[in-house]
Structures are given as C-alpha cells and as structure tokens.
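> Each chain, written out:
Number of protein chains: 2
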Amino acid sequence: MFQARGYAVHSATTPLVPFSFTRRDTGPNDVRIEILYAGICHSDLHQARNDWSNSLYPMVPGHEIVGRVVEVGSDVQKFKVGDYAGVGCLVDSCRQCSACRENLEQYCEEGPTPTYNGKERGSEQLTFGGYSDQIVVEERFVVKVAANLDLKAVAPLLCAGITTYSPLRHWKVGPGQKVGVIGLGGLGHMGVKFAKALGAHVVMITTSPGKGQDAARLGADEVLISTDAAQLAAHAGSFDFLLDTIPVGHDLNPYMALLKRDRTMALVGVLTDTEPLAGVSVIIGRKSVAGSAIGGLAETQEMMDFCAEHGIVSDVEVVQIQGVNEAYERLLKNDVKYRFVIDMASLADA
Amino acid sequence: MFQARGYAVHSATTPLVPFSFTRRDTGPNDVRIEILYAGICHSDLHQARNDWSNSLYPMVPGHEIVGRVVEVGSDVQKFKVGDYAGVGCLVDSCRQCSACRENLEQYCEEGPTPTYNGKERGSEQLTFGGYSDQIVVEERFVVKVAANLDLKAVAPLLCAGITTYSPLRHWKVGPGQKVGVIGLGGLGHMGVKFAKALGAHVVMITTSPGKGQDAARLGADEVLISTDAAQLAAHAGSFDFLLDTIPVGHDLNPYMALLKRDRTMALVGVLTDTEPLAGVSVIIGRKSVAGSAIGGLAETQEMMDFCAEHGIVSDVEVVQIQGVNEAYERLLKNDVKYRFVIDMASLADA
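Chains as they are written, first to last, in UniProt numbering: chain A, 1 to 350; chain B, 1 to 350.
Please keep in mind that the hints were generated in silico from the structure rather than gathered at the bench.
Be careful, since some hints might not be right.
Which copy is meant is left open, because identical chains are indistinguishable; a pair holds if it fits in one copy or across any two.
Subject to a maximum C-alpha distance of 25 Å in a straight line, what follows is the list of computed SDA-like cross-link-like pairs (lysine to any residue) [what the hints assert, rightly or not]:
1) K172 with T264
2) K260 with D133
3) K196 with P175
4) K144 with T13
5) K172 with K260
6) K337 with G210
7) K260 with P276
8) K260 with T13
9) K144 with P254
10) K172 with I284
Put together the whole structure using the sequences plus the hints.
Written as structure tokens, this is what we have:
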C-alpha cells in the first residue's frame with residue numbers, strides 16, 4: 001500500500017475537497033500510472049451528487065484517465081516504464097462470463113468493477129478514480145496511448161470517445177450512410193468526429209441553432225434543428241443510424257420518424273427514463289430503439305489506435321483541480337466546449 | 001360494379017348494422033372471393049370506434065378474410081375458380097418503393113392501401129373489409145389457402161398469424177433459443193404456436209395465473225407470471241427473444257430485464273404510447289426495443305404454407321354476423337379464446 005492524493009466528495013451535498021488515501025502496491029500484472037489528465041464526465045457529477053442512488057463515499061471521481069507508466073509488475077507484457085497509458089470506466093470484471101469471454105467486459109454478467117464508486121472484486125475496499133495523482137490497474141484494463149496525440153485531449157476518449165465509437169462500429173456505420181448525432185456535448189462532439197472519420201454523411205441534430213457553425217467545424221455535413229417541424233419533416237425516413245447522446249429524459253418519437261425502415265437509434269447518454277415511446281414509432285418500419293454502454297478493452301484500444309491514425313481527440317477546456325467544483329457548476333449549464341479536463345499537475349499545489 | 005352486402009358502422013358511437021354497397025367488377029388481375037369467414041381483430045374495434053382518430057365512415061371492418069374464389073380475371077395466374085383464398089390487412093401498395101420491391105408491402109413508403117378504413121389508390125372510393133359477402137382483390141394481394149386446414153380457424157392467420165410469424169422469422173427464432181411471448185390473446189396464442197413450431201423453448205409470459213393450463217395446451221414449455229417479482233428475477237437475462245403482444249400501453253422495463261445481452265423485444269400489439277422506457281433498460285446489455293407490423297404478401301403465403309405443413313390454425317369461437325356487436329363487447333373484456341370469427345353464411349339471414 002502507498003499513500004495517494006486526490007480530491008474526493010464525502011456526501012451528496014458537499015463539494016470536492018483534498019483527500020489522502022491508500023492504493024494497493026503494484027502486483028505482478030499491474031501497472032502504476034502517474035495521472036497527467038483526468039476528464040470530467042457528466043456521470044462524475046451524477047455520482048458525486050448521488051443522482052443514481054448508488055453512491056459510495058468517500059468518492060474520488062474520474063474515469064477518463066491519461067498518464068505515464070511509472071512502474072510495471074513482473075508479469076506485465078504490454079507496458080514499460082515511460083509509456084503513455086489510459087484507463088477508462090472499468091478496472092476489473094469477472095473474466096469468466098460470456099461477455100468477458102467476448103471482450104465485452106462492460107457487460108460482464110457479474111457486473112464490472114467501476115474505476116470509482118465501486119468495490120474491488122471480493123473486497124470491501126472502495127475503488128478511487130482519476131482525480132488523483134496515481135492509480136494502479138491490472139494491465140488488461142489499461143490501454144496504450146500513442147505519443148503523437150495531445151494527451152490532455154485524449155483523456156475524454158476513455159469514456160466519451162469509446163461510448164460513441166462502439167455503437168457506430170457495432171451498427172456498422174460507414175460510407176454511403178446518412179448518420180445523425182443527436183445532442184452536441186461531450187459525447188455528441190465525439191460522435192460527429194467518429195461518424196465522419198468512418199465515412200458517413202453526418203447530420204448534427206440539435207435544439208440549438210447556434211451550434212451549427214461548431215458542428216461544421218467538428219465535421220458535420222449538415223445541421224438539423226430538431227425543434228423545427230419543417231426540418232424534421234424534410235429529413236423523415238432518411239437516416240441509416242441515429243446516435244442519441246442526450247443525457248436527460250426526452251421524447252424519442254420525433255427522432256424515430258427520421259429513421260429508414262429496419263434501422264436503429266442507439267441511446268448512449270440517458271440512463272434514466274425517457275418519455276413514453278409510441279408503439280407506432282417502432283412498429284411502422286420495423287425500427288429499433290437500442291442502447292450501448294462504453295466499450296470493451298479490446299475495442300477501447302482499437303478506438304485509441306483509430307484516433308492516432310486519424311488525428312482525433314476531444315475538444316477540451318483544461319482546468320486546475322482547485323477549480324473542479326466551479327467546473328461542475330458550469331457543466332450543469334452545458335457551459336463547456338466540449339469536455340473539461342483536469343490538469344493533475346495542479347494537485348501539487350493543493 | 002356489383003351490389004355487395006355486409007355490416008358497417010356509421011360513426012364512432014353506433015353499432016354495426018346491415019349495409020349495402022358496391023364493389024368493383026373483377027378486373028384482369030383480380031379475383032372475386034365469396035367470403036366464408038372473417039376474423040374479428042382488436043383493431044377492428046379500435047377503428048370502428050375511432051380510437052386512432054383516423055376512421056372513415058361508413059366502415060365495413062374485417063381484414064382476416066377466408067373464402068372461395070368465384071371469379072378470376074383474364075390475366076390471373078395463381079388462382080382458379082373454387083380455390084380457397086385469404087385476404088389480410090392490405091389490398092394494394094405503390095409497388096415501386098424499396099419496401100414494395102423487397103416484398104415488404106406493409107411498409108410501403110407511400111402507405112399501403114388497407115383492406116378497410118382506407119381509400120382505393122388514386123381514388124376517393126372507400127375500401128370495405130371482410131364483414132361482407134364478397135370482395136374483389138388483385139391476385140398479388142391474395143394468398144392461397146390449403147384445403148386441408150379448418151377454414152374458420154384459418155381466418156385469423158391473415159392478421160394475428162402473420163403479425164406474430166413475421167417477427168419470429170425476422171429475428172431468426174429457432175431451436176436452442178428461449179423465447180418469451182408476452183400476453184395471451186389473439187396475437188399471443190399464435191405467437192406461442194409459431195415459436196414452438198419453429199423449435200424454440202417457449203415461455204408464455206402473462207399477468208394471469210389462470211392461463212397456465214391453456215398456455216401448455218398451446219405449446220408453451222413454461223409459464224412466467226409477470227406480476228411475480230421472484231419469477232421475473234429467476235428468468236432475468238435468460239431470453240433470446242421476446243414477442244410483446246400486449247395491445248395497450250404498459251411498462252416495457254421489467255420485460256427488458258429478461259433479455260440476454262444483444263437481444264431484442266419486438267412490439268406487435270401496442271400502437272399507442274408505452275410507459276417511459278428507462279435508458280438503462282437498453283444501454284446495459286446493448287438491448288433493443290423493436291417493432292414489427294404484419295408481413296408482406298410473400299411472407300404471408302410462406303406462413304400459410306407453414307401452417308398447412310404443421311397443422312397450425314387459430315383457436316376460434318364462431319359467431320353469427322348478427323352477434324358482432326355483442327362479440328365486440330366481449331372482446332373488450334378479453335372474453336374470447338382466442339379469436340372471434342364471423343361465419344359469413346349468417347349474412348344470408350340478415
């Protein structure tokens with residue numbers, strides 16, 4: 001065990017404050033990572049404030065982690081000291097179930113071990129996330145990060161990136177397809193970049209007319225303002241795939257009308273209730289409302305390699321750890337383009 | 001034109017009454033059918049009472065039609081006088097769109113022509129359905145019915161049958177799979193029969209403990225009482241496919257928890273709003289809520305042939321046309337096992 005430092009929240013109603021805690025020593029299959037950057041995911045805020053009624057305190061949030069390997073266990077094969085490495089939402093899983101055997105650890109039938117707000121497998125020890133100076137993770141749950149990428153802008157790929165990349169791949173988005181990305185935030189801006197890089201004709205679907213220029217810069221070929229009934233009607237029945245990144249409950253039916261027959265809209269942002277779904281929205285045209293959660297480790301590595309090849313990173317605003325509570329308040333107002341990333345070097349001043 | 005007789009409803013609040021009207025003469029590609037039996041579909045009742053706000057009066061309901069061919073046009077190839085024939089929910093479509101070209105006329109992008117409560121293509125002439133003595137339909141929209149089947153019990157195959165057969169085939173239900181049929185009514189009892197005949201392990205999922213014995217008789221291997229939390233928990237994550245035949249708005253989430261990862265629940269009964277869908281119900285396990293509408297003509301013929309081969313028909317209660325209003329009232333109370341069929345010979349006494 002060694003002493004680690006970070007920021008933690010101690011209850012649903014208190015701010016993040018400096019926190020000291022212990023982490024396990026580097027085991028034979030582990031890598032110890034000095035954390036350089038940690039992205040702020042909307043789910044950090046949900047869990048810090050116990051919005052999902054499953055919070056464990058003290059909680060050190062952060063599951064978009066990029067850093068430098070500072071120690072490797074004796075059996076580690078993929079990493080050496082000095083490598084750049086990433087850790088996402090998961091740090092362990094059962095490894096036995098059909099999902100784990102298919103490299104879909106995020107759907108582990110016994111429940112994967114979350115990077116924070118969980119417990120180490122077979123233990124009461126809480127897991128602590130990326131708002132901290134170091135983390136120790138088994139190499140199977142660590143991905144390699146290419147040195148040619150802007151590291152601070154890589155961090156959000158570990159959650160926002162893989163969450164949008166995985167469904168685009170699963171539903172085989174590619175050239176010749178018209179793909180809509182609904183909602184322009186941390187997830188949506190990555191969805192636009194990936195869908196474009198995969199060769200699709202990309203339509204950014206947003207309620208905000210002001211986001212059009214940004215959408216074009218991110219790679220969108222068109223912008224569809226979803227509050228405009230005429231625009232919705234003009235695009236009816238024309239989409240091959242929709243990626244719905246809206247993080248709060250909303251009406252799915254107007255979007256379902258945009259899909260071609262036999263096509264799918266995948267939800268990735270909303271864990272809570274949507275508004276009522278009309279049966280006719282799926283029955284007429286044999287359409288599907290599906291969902292997708294992050295990605296497995298193999299696919300996360302594939303995404304990282306894809307990003308290195310295509311020069312894809314997130315659009316980020318860097319903050320210091322001392323400003324994390326203010327960043328949460330701005331996130332609540334969608335006042336970020338498009339992801340906050342904490343420069344963990346600032347922790348030295350905490 | 002010739003004079004036809006049937007029963008019609010003239011407004012949302014009046015009963016079905018005897019009605020005389022004209023039908024077109026038999027064109028070169030048409031067959032004229034003497035109607036022997038007409039099933040009563042729940043949607044007949046919805047449309048008679050304008051529940052979907054799209055009713056056209058006078059309305060002669062009925063889209064589960066079985067009869068005998070009494071005249072064929074000069075270019076008709078599939079039928080000869082004396083053949084048994086069936087007509088379902090559609091009597092025309094555009095024939096040009098991608099759906100029509102793929103034999104999925106039910107998803108015709110210009111909208112198929114319904115057997116009743118619609119208008120003939122390019123005309124203001126209302127279409128009139130099966131609660132009548134004869135019907136004239138282009139042969140493309142007529143299926144052949146094998147003489148070895150019990151004709152009165154064949155009628156519901158034209159809607160309840162194809163509505164359940166098509167999704168079971170589309171989602172490739174077969175041996176080695178555990179399939180749930182939700183709701184035991186006109187659709188559900190056909191879903192059980194087809195899923196069993198396709199080789200699946202079939203679980204009847206119902207709120208009514210009393211339906212267990214019937215489910216077994218229909219071919220179900222197990223019965224799951226969906227109001228019993230312990231039974232739901234015992235079956236969690238175990239189904240390869242769910243066919244949801246419930247005809248009214250309901251909560252989808254408890255059923256979604258029954259599915260394995262990457263599997264689908266198909267809605268076929270509810271055209272109106274469901275209760276709110278939780279994002280987590282599809283995101284965790286990458287599941288899908290889909291829908292399916294009846295079937296195309298080629299698949300309807302395939303189903304008829306499948307039924308002839310496997311000896312599958314509906315469980316019906318035969319009524320006289322004079323009792324149709326009483327049958328509607330009983331249908332509202334689910335007081336039928338499992339489909340009313342009108343013996344159209346009774347029309348001679350009307």
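> If a hint holds in the structure, say so; if it doesn't, say that too.
Here is how each hint holds up against the structure:
no.	hint	in the structure
1	K172 with T264	both (11 Å within a copy, 18 Å between copies)
2	K260 with D133	neither (48 Å within a copy, 39 Å between copies)
3	K196 with P175	within (9 Å within a copy, 40 Å between copies)
4	K144 with T13	neither (36 Å within a copy, 69 Å between copies)
5	K172 with K260	both (15 Å within a copy, 21 Å between copies)
6	K337 with G210	within (13 Å within a copy, 58 Å between copies)
7	K260 with P276	both (21 Å within a copy, 23 Å between copies)
8	K260 with T13	neither (45 Å within a copy, 37 Å between copies)
9	K144 with P254	neither (40 Å within a copy, 39 Å between copies)
10	K172 with I284	both (23 Å within a copy, 20 Å between copies)
When held up to the earlier numbered hints, the structure conflicts with 2, 4, 8 and 9 and fits the remainder.
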